[in-house]
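J.: Each chain, written out:
Number of protein chains: 2
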Amino acid sequence: MYKVAVVGATGAVGMHMVKVLQERNFPIDRLFLVASEHSAGKRIAFKDEEHEVVALRDFDFSSVDIALFSAGSSVSKEYAPKAAESGCIVVDNSSAFRMDDSVPLVVPEVNPQDVDWHKGIIANPNCSTIQMVVALNPLHRVNRIKKIVVSTYQAVSGKGLKAVEELKNQSADVLSDKDVVPEQFPHQIAFNVLPHIDVFVEDGYTKEEMKMLNETRKIMGDSKIDVAATAVRVPVFIGHSESVWVKFEGEMNVSRVKDILKGADGVVVVDEPSAAEYPLAVDVAGRDEVFVGRIRRDLNDPLAILMWVVADNLRKGAATNAVQIAELLVKRGKV
Amino acid sequence: MYKVAVVGATGAVGMHMVKVLQERNFPIDRLFLVASEHSAGKRIAFKDEEHEVVALRDFDFSSVDIALFSAGSSVSKEYAPKAAESGCIVVDNSSAFRMDDSVPLVVPEVNPQDVDWHKGIIANPNCSTIQMVVALNPLHRVNRIKKIVVSTYQAVSGKGLKAVEELKNQSADVLSDKDVVPEQFPHQIAFNVLPHIDVFVEDGYTKEEMKMLNETRKIMGDSKIDVAATAVRVPVFIGHSESVWVKFEGEMNVSRVKDILKGADGVVVVDEPSAAEYPLAVDVAGRDEVFVGRIRRDLNDPLAILMWVVADNLRKGAATNAVQIAELLVKRGKV
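Chains as they are written, first to last, in our numbering: chain G, 49 to 383; chain Y, 49 to 383.
Just to be clear, a hint being listed does not mean it is correct.
Copies of one chain are not kept apart here, so a pair can be met inside one copy or by any two copies together.
Claimed, not checked - DSSO-like mimics (lysine-lysine), calculated; alpha carbons at most 27 Å apart, straight line:
no. : residue 1 : residue 2
1   : LYS295    : LYS255
2   : LYS272    : LYS295
3   : LYS306    : LYS255
4   : LYS90     : LYS125
5   : LYS226    : LYS67
6   : LYS255    : LYS125
7   : LYS207    : LYS255
8   : LYS90     : LYS295
9   : LYS255    : LYS216
10  : LYS306    : LYS51
11  : LYS207    : LYS194
12  : LYS194    : LYS295
The set of hints was computed from the structure by calculation and includes no laboratory data.
Turn these sequences into a full structure, and let the hints guide you.
T.: Written out as structure tokens, the structure reads:
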């Protein structure tokens, strides 16, 4: 049994971490819920017991075996190394350490072995990257992927609870002809789509788009995979969808892709177009797997296929993946 | 001055045709508003005058010079040839005749010369295709396009007025925790995205996706252009957005792309990421141009670039393009 802390326990992902730890019956003998001073004193239920949220500033990580962090990059940068130094293993959901060569970046279905070389911190990848690599890595293992062109349809919950509230309130405002004042997003998100997630960096790309390139290479352990991503926010509460075009080294046929994915860990194939069955954001909310459908060949390129990949961004895209990393640590005797 | 009929005048596109004819001051001496018997007798304003809607079944096309049809494929199949036989030129917004070799498929910025060989019917392309070719053809002329991978974010108004009502009502229902019963769409559209527009055809593609391949080839007059499309409905009222990856025959640099597009007919470049400026569906509603932004190089392929293309699907994607075809007929002395 382990002593586990959730840092950022009152946020959208943190609350899901607590929920997922309970649902998956992670072997906890003591749970610490940690957040900012502002949230300290709040009470959150875990296994029929109320836990009081304690302030991060006063928290002693030396009494903890595993800490799941989801409180933003600046909090992780300051507190994750301190927690690791005091002997606890940090699974960090922020982008702070993902591209650090001394920190493993892990998706359990893809690179479980990478937890073994952790030095106190293991990074949890970006939500849109996780679901893509879970769907693509099983294919990559049998036919090397050379290029991915992906366009995302990302839910507002990826930006936190305030963003969810903004979509709700703004939608009601638009429906009743009121003026809209964006706060969480750079522009109106209700009944609109925004090709802008995270900040713009070099070459006209956003950081979110660069994560999909760089994190995919690190997780899949292949620095030659090429990802051309366009990350788009859509007015959906939970569930990221991705339109993915993939080019392989050799010819790839659709029935083989379906067979491989049907047998792949953490993947559910939903692909019956004649019955209008394909993965949908509203259906995957609350689920831990990655859903794949609309699998079809590129009509003009025998090396390429297209697919539609959907997952719950708060669960497999964040909380579930973090808890699965903790489970891996236990399974591989690394905690 | 011409006698013009709008067939399907009470629909989402038909109403915009009337509006656009007025705004662009098309030389009309008599306007006929035609619709189903169900809508006959309704009154619609045009240039400060109320016009009564007449029933299609009783309508005599021999008194008309140009008829703009937007009443669905089955109506077009039955009435467009009859109208053409009686001497009027039909500009048809349905998919009925688009791939017919004896019918020109025209986007005025791309292939204006094709109106010259009409035999009574000219087809107006699919909304998602129009905006894509307006943005890509100027580039194709200087550096041949070999492949396009496109994912769309299409507004519900493309499906008609009932679909717009469904998004409004369903959104209100979801916000007040009521159950949702889809009628116009195969699944819930409020706060969701659907990778399914029009019916499924061969190879797991939808008809909408096949239109983007076949119509692009016909309009751009290049049967070798390859388009791998994923067409997705999003909860937006007006304005289709498209995430486009384009591969050219030769190297293409971003500043050249921007220069070409800034000088291109019917294109507006909105591309200042540092100021969070890029085209947005809510901004282009009511506009006739095609808006392009997020222009950037493919980081790993010097032959490819990415861009974000947005247009008002009811206007440039339908009504405006049809009226522009009528204007071309006048300009080229073909009516």
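J.: Tell me the numbers of any earlier hints that the structure contravenes, in ascending order.
T.: 8, 10 and 11
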